[in-house]
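Novice: Read off the chains here:
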Amino acid sequence: MPSVCFYFQVHQPMRLRHYTVFDRDDRYFDDSKNAAICRKVANKCYLPANRLLLKLIHEHQGRFKVAYSLTGVLLEQLERYSPEVLSTFHALAETGCVEFLAETYYHSLSFLYSRKEFIEQVRRHVDLMECLFGRTPTVFRNTELIYDNDLALLIEAMGCFDAIITEGADHVLSWRSPNFVYLPKGCRHTKLLLKNYKLSDDIAFRFSNRDWAEWPLTAGKFGQWISAINGDGDVVNLFMDYETFGEHQWEDTGIFEFMRHLPDEILRHPDNNFMTPSEVVAAYEPVGSVDVPRTISWADIERDLSAWLGNPMQSSAIHELYRLEKKVKRTADERLLDDWRKLQISDHFYYMCTKYFADGDVHKYFNPYDSPYDSYINFMNVLDHLQSRCAGRAGRVLESKPTANRREAQVSVTV
Amino acid sequence: MRVLMLGWEFPPFISGGLGTACYGLTRAMDQLGVQVTFVLPRVVESQYVTHVRLLTPGYRGGRDGGHARETEFENVRFTAISSALQAYTTADAYEKKMAERLSLRRMMAGRFGSIEVGGLDYGGDLYREVQRYASLVTELARQEEFDVIHAHDWMTYPAAVAVAMMTGKPLVVHIHSTEFDRSGEHVNQRVYDIEREGMERADRVIAVSHYTCGIVVNRYGIPVEKVQVVYNGVERNGTWSFVETSIKREERLVLFLGRITMQKGPEYFLQAARRVLGVMDNVRFVMAGSGDMMYRSVELAARLGIGHKVLFTGFLRGDDVQKIYRLADLYVMPSVSEPFGIAPLEALDNDVPVLISKQSGVSEVLRHALKVDFWDVDEMANKIVAVLKYAPLRMTLRNHGNFEVRKLRWKDAARNCIRIYEEMLVAV
Chain A
1 MPSVCFYFQV HQPMRLRHYT VFDRDDRYFD DSKNAAICRK VANKCYLPAN RLLLKLIHEH
61 QGRFKVAYSL TGVLLEQLER YSPEVLSTFH ALAETGCVEF LAETYYHSLS FLYSRKEFIE
121 QVRRHVDLME CLFGRTPTVF RNTELIYDND LALLIEAMGC FDAIITEGAD HVLSWRSPNF
181 VYLPKGCRHT KLLLKNYKLS DDIAFRFSNR DWAEWPLTAG KFGQWISAIN GDGDVVNLFM
241 DYETFGEHQW EDTGIFEFMR HLPDEILRHP DNNFMTPSEV VAAYEPVGSV DVPRTISWAD
301 IERDLSAWLG NPMQSSAIHE LYRLEKKVKR TADERLLDDW RKLQISDHFY YMCTKYFADG
361 DVHKYFNPYD SPYDSYINFM NVLDHLQSRC AGRAGRVLES KPTANRREAQ VSVTV
Chain B
1001 MRVLMLGWEF PPFISGGLGT ACYGLTRAMD QLGVQVTFVL PRVVESQYVT HVRLLTPGYR
1061 GGRDGGHARE TEFENVRFTA ISSALQAYTT ADAYEKKMAE RLSLRRMMAG RFGSIEVGGL
1121 DYGGDLYREV QRYASLVTEL ARQEEFDVIH AHDWMTYPAA VAVAMMTGKP LVVHIHSTEF
1181 DRSGEHVNQR VYDIEREGME RADRVIAVSH YTCGIVVNRY GIPVEKVQVV YNGVERNGTW
1241 SFVETSIKRE ERLVLFLGRI TMQKGPEYFL QAARRVLGVM DNVRFVMAGS GDMMYRSVEL
1301 AARLGIGHKV LFTGFLRGDD VQKIYRLADL YVMPSVSEPF GIAPLEALDN DVPVLISKQS
1361 GVSEVLRHAL KVDFWDVDEM ANKIVAVLKY APLRMTLRNH GNFEVRKLRW KDAARNCIRI
1421 YEEMLVAV
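Top line first, the protein sequences correspond to chains A and B. Here the numbering used here is used: position 292 in the first sequence is 292, and no number is missing along the way. Converting from the second sequence to the numbering used here requires adding 1000 to each position, the first position being numbered 1.
Simulated from the structure, these hints should not be mistaken for lab results. Mixed in with the good hints, there may be bad ones.
Here's a subset of chain B near chain A, in silico, CB distances under 8 Å, partners left out [as the list claims (entries may be wrong)]: (1) Thr1071; (2) Glu1250; (3) Arg1367; (4) Glu1379; (5) Lys1383; (6) Pro1392.
The beta carbon of each residue, even a glycine, is placed where N, CA and C say it ideally should be.
Make the full structure from the sequences, and use the hints.
Specialist: Below you can see the structure in the form of structure tokens.
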């Protein structure tokens, strides 16, 4: 009896404004563009999708469940530009059928560059979830499902999570199925939930593709595919960007209609049910251990880090950024620290990707820049200015001053 | 397929992209086995001049044993027609040159008394010379056999139209630049009329970019279905390497290479240079080329207070071009209106990253290049500074750009032209 486990990633980056080498101020972000995009996506996706899921949860009286991972930088923007979306998330939280996952507050690649910074960002995100929704996340997902053995060990050592979510990449699983709970190599009690990328991408990417043999995808058809797994797996992890609804797949593709009927179609089979990630963790025992020595992610066909770190511009930009960590933290300047952390948002590096640049594809669609080169130049100009702020502050701040208590310095989002 | 091609001298005998394009395209056609009779104007300083000179593949004449490139071909026959026409010349420049020529002759005649000062061999003004050239080409064409006529840029159009009318053979005119590119809004009406008539009378118009296609359609009123875009290619010199020069130079070098004319936007280059020098010091700007805005550019550099940082080299040829590329950290093409722009491709081929104006045809085909509106000198400076400051940017631009440029081949351009010939012949 497969349990269907939905988890939606909800994130909006903070895009930089056009910043040249001649700019001298510390306004780095394009507030008006960020506001416009946030409101647009709220209207096309977040609001209608939240309302739909709320309705489905009520209709199915606790049998339909989902999980979200909401980034800190998204929530800050929602609070500023679209507070009504926040209130619908609150309503969802109150149903008791929605789980919120933990991740890095800044949707960053910090795990790869600074463990200290990574832990601070995860803690900050956990605090935010507690503050907003009154519950402590017990399942962790890393930015873009970036994962390897070391991440699992670190998360287990942090001692506050029961499970980690990542991609069910073929080269990791080989003959094994993603439809079971696994144990990360070297871990004793942290479990691993793996994305069923085939069924997830059927919804997230292929849904409106008319060249796809299965087009049009109906809820009935998808329900049958799920039921067909019966006996051949414990759980089907459907992990995708929340923007799939209304933004990646426009409303006129019928994506909302599909979702409206999906719970019925899945629950039609008495053996099927819906579970949140923590329920899956509680319900199923791991069937084996998964070894991931080389870092994976859920991006592109490569399922690796090349979308963010594939060329010299990307690696130098991110390297220079993390090189400033000590300097930035030593200033004890909260605004400077926040700016530095917002530069860690992984999207800034994604924009610099030259991998599929020539073909024009998904990378281009979400890119506010004309070219990866423009994005690099802009980022480096901002970083250069941020660095000069560190230098300016360094003299005035006492080296010995301890960093402010993390728990206090947190949550700027209040509702 | 036999083509009567009305073209121009190959580099290094003229500067600019027109000769380069004629060479690249003709060579590729030669390799594809197309029979070409290549007719070009050439000043021949000899008392034995006949108007038409046939140059067989074995020909190695001319001063300093030049024009050696013409011997590389198997299927192309070169026919030089004695004419003072030169690519990129203007009516004023032509008249000035003719006057100089005449006075030189008079002076020589006065000194030696033996040289006869005959009437001018060439037309007294540019338009008359264009017509004279047309009649000579028509004369020549009577003895030639060919299936199509292919003419490059306006000075050859009257000749091409005349030959087409005489023989009834289909005509394709190839637009490498228009009067609007060269002169902005102050177009020369006579040149415009010649261009327009050539395009109207032609069976097909080849534009070197969609940018130029737009001008042909909007400014010359040519129906869009008659115009086809064929991008230029680039000739690989094969000496490229990915190694950054190991010599640690104190100064970075930003290169402008091209004719210093209004069209090429030299003043925007200098304005950007001034802004760059406002934030960094260890950089020098080199303007390689000559043209009617050269002296004004020297003056402007001085007026902007950056005279000591800008170097004017004059027109560079051959090895000197390679040398300057080897020294350059960035090539900038700030053109106000550039139908295509082969030079950035050559820069990339020499491992130099490029910054090109968005008002250019080449920006349609290059992705791994920095792009900027020619008038946006702040952004131009911003990008120049970034390239000079960040090695990873240079490296990525260079590696991807060099790879990209390898895909732009003259053979593809030639194939596209052949396809157009074939379409015309079927239609006839």
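Novice: State the violated hints by number, sorted upward, taking the hints as numbered earlier in the document.
Specialist: 1 and 2
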